[in-house]
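K.L.:
Residues 30 to 477 (our numbering) are what the sequence shown spells out, left to right.
Calculated from the structure, these hints are not laboratory results. Backbone N, C-alpha and C define an ideal beta-carbon position, used for all residues, glycine too. A hint or two may mislead.
Distance condition first, Cα-Cα at most 30 angstroms in a straight line; then the derived DSSO-like pairs of lysine-lysine [claimed, not checked]:
{"id": "1", "residue 1": "K179", "residue 2": "K91"}
{"id": "2", "residue 1": "K179", "residue 2": "K90"}
{"id": "3", "residue 1": "K179", "residue 2": "K219"}
{"id": "4", "residue 1": "K179", "residue 2": "K227"}
Restraint-style ranges between C-beta atoms, simulated for each label pair [what the hints assert, rightly or not]:
{"id": "5", "residue 1": "R228", "residue 2": "S202", "range": "51 to 61 angstroms"}
{"id": "6", "residue 1": "I446", "residue 2": "L203", "range": "48 to 58 angstroms"}
{"id": "7", "residue 1": "T393", "residue 2": "L144", "range": "44 to 54 angstroms"}
{"id": "8", "residue 1": "F192", "residue 2": "F438", "range": "25 to 35 angstroms"}
{"id": "9", "residue 1": "F438", "residue 2": "R368", "range": "51 to 61 angstroms"}
{"id": "10", "residue 1": "L52", "residue 2": "E319", "range": "45 to 55 angstroms"}
{"id": "11", "residue 1": "I215", "residue 2": "L396", "range": "45 to 55 angstroms"}
{"id": "12", "residue 1": "N422", "residue 2": "P323", "range": "38 to 48 angstroms"}
{"id": "13", "residue 1": "A180", "residue 2": "H358", "range": "51 to 61 angstroms"}
{"id": "14", "residue 1": "F192", "residue 2": "T393", "range": "18 to 28 angstroms"}
{"id": "15", "residue 1": "F279", "residue 2": "R368", "range": "55 to 65 angstroms"}
{"id": "16", "residue 1": "F438", "residue 2": "S202", "range": "33 to 43 angstroms"}
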Amino acid sequence: AIFERFGAGSFFIDFPVALMGRLRGGPAKAAVFASGLFGSISGSATANVVATGTFTIPLMKKTGYRPPVAGAIESAASTGGMFMPPVMGAGAFLMAEMLHMPYAEIIKIALVPALLYFFAVFVMVHFEALRTDIGSVPPEDRLSAWTVFKAGWYYILPIFVLFYVLFSGNSASLAAFYAIVSFLAIMAVKYFGRGEFKRFFVTLYAALVDGGDKSLIVGSTAGPVGIIIGIALLSGLAFKFSALVMAYTFGYQWAALLLVMFATFVLGMGITVTADYLILALLAVPGMHEIGIPLIAAHFCVFWFSQSSNVTPPVCMAAFAGASLAGAHPYTTGFHAMRFSAYLYVMPFMFVYSPILMPNGFNTDVLYCWLILFASVFPFAAGAMGYLFGALNALQRALFVAAACLLVFPSGLADSIALALCLIVAVPQYLKWRKLTRAPAAVGNTIA
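All chains should be built: construct the whole structure from the sequences, respecting the hints.
P.N.:
Set out below in structure tokens:
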């Protein structure tokens, strides 16, 4: 609340727009970047959509994106803010408590999956811009990235303070305290230097009121969730649910993931994502652990699946907010948002079947895994968007998606098959594209 009231949110929106504006599909790419920056200090997908989408969605529509697509891109990107460190919503703090791990360790583990998600949305946005022939931000709406950075670089400093205090072995609450104090000190220098004493204290008061309001949301959630958890534990339902996970999935991890995904989807229609995560972390995670899924991976699976209610119809609050700002149909926006946030549903399988979470610490296998998973984004995005060097038919899209899915499994054979599938589709596409691009030049030379 303090960051937003003192203008940090505006900087985290203006800077990405200035930086990405000249690229093809610039407004949408700026929305992805801005949502990642703003989400790293927000922890609320809907608030992220409203804060960044107010500016980015009209800009996307102006450059040619259809209203539901503009709202969907913003919704998908804003949902990523819920698992972008350092602030990952209340669920991440609960995860640290349940796993008895320092919050800094949770941040370290969560960073690469979050970057992979945003990279996937970014690449899908790029292919969408190519498919629909959308250009960059109009010159009259462009800002100088250097000018914007010079005007607000100090907003970044408290984030470095937060990371430094966290990774020095201190608690998350102490790190947040030092970050807030450092931010207020910077703002005091800024406002007092201009003689704006009254404005500083008025803004601080408004920020404290906002912070109190937001804390009430957490408190109002904790009461009902506590009752549900108490009933589940005292009645033995928690243990029965774990037994059901094992019984109905026959010990197959992929089946357990599908069951948990469905459970988070159903619960997410009626409660907040934090409550959704907390309930299933207590009910489903023990059963997942019993069939061989590591505890940290099980918690991250539930945490990511719980965010799907932001973009999955029929109840998808982030998509509804994006649709409202875009002037589009909520469900149309929601289904488009599902497409752009596809890695939200895929990532939990990576947590289980690949070493992306560094279960044995960082090593060369983890580095190779990261490189392969980032490379898998390109065939997946091409298949999801239906475009590479040109439009893809249904078979080509299916082959690309299959190749991307094979790359999830850390196997030399799977990687080889995936590469072969990609080449089968990409090489003819490239040759056709090259022939078409050379044809006009050849005609021009003939006429000359």
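K.L.:
Starting from the hint 48 to 58 angstroms, judge whether the C-beta atoms of I446 and L203 obey it.
P.N.:
With a Cβ separation near 49 angstroms, I446 and L203 satisfy 48 to 58 angstroms, so the hint holds.
K.L.:
Does K90 sit within 30 angstroms of K179, going by the straight-line distance between their CA atoms?
P.N.:
Holds. K179 to K90 sits at ~29 angstroms (cutoff 30 angstroms).
K.L.:
Is the hinted range of 51 to 61 angstroms satisfied by the C-beta distance from F438 to R368?
P.N.:
violated, 23 angstroms
K.L.:
Falls inside 18 to 28 angstroms, the C-beta gap from F192 to T393?
P.N.:
The hinted range 18 to 28 angstroms holds for F192 and T393, with Cβ atoms some 26 angstroms apart.
K.L.:
Between K179 and K227, does the CA-CA distance stay at or below 30 angstroms?
P.N.:
holds, 25 angstroms
K.L.:
Just to be sure I understand the hint, the distance between the Cβ atoms of I215 and L396 should be within 45 to 55 angstroms; is that true here?
P.N.:
Given range 45 to 55 angstroms: violated, Cβ gap about 37 angstroms.
K.L.:
Regarding F438 and S202, is the given constraint of 33 to 43 angstroms on their beta-carbon distance met?
P.N.:
holds, 39 angstroms
K.L.:
Would you say the C-beta atoms of N422 and P323 sit inside 38 to 48 angstroms of each other?
P.N.:
Given range 38 to 48 angstroms: holds, Cβ gap about 40 angstroms.
K.L.:
Go ahead and decide if the range 45 to 55 angstroms is satisfied by the Cβ distance of L52 to E319.
P.N.:
holds, 48 angstroms
K.L.:
Could you see if the CB distance from T393 to L144 stays within 44 to 54 angstroms?
P.N.:
Violated, at about 19 angstroms.
K.L.:
Could you tell me whether the CB distance from F192 to F438 stays inside 25 to 35 angstroms?
P.N.:
At 33 angstroms between Cβs, range holds.
K.L.:
Taking the Cβ atom of F279 and the Cβ atom of R368, is their distance within the range 55 to 65 angstroms?
P.N.:
violated, 31 angstroms
Hints 5, 7, 9, 11, 13, 15 from the list above are not met by this structure, while the remaining hints are.
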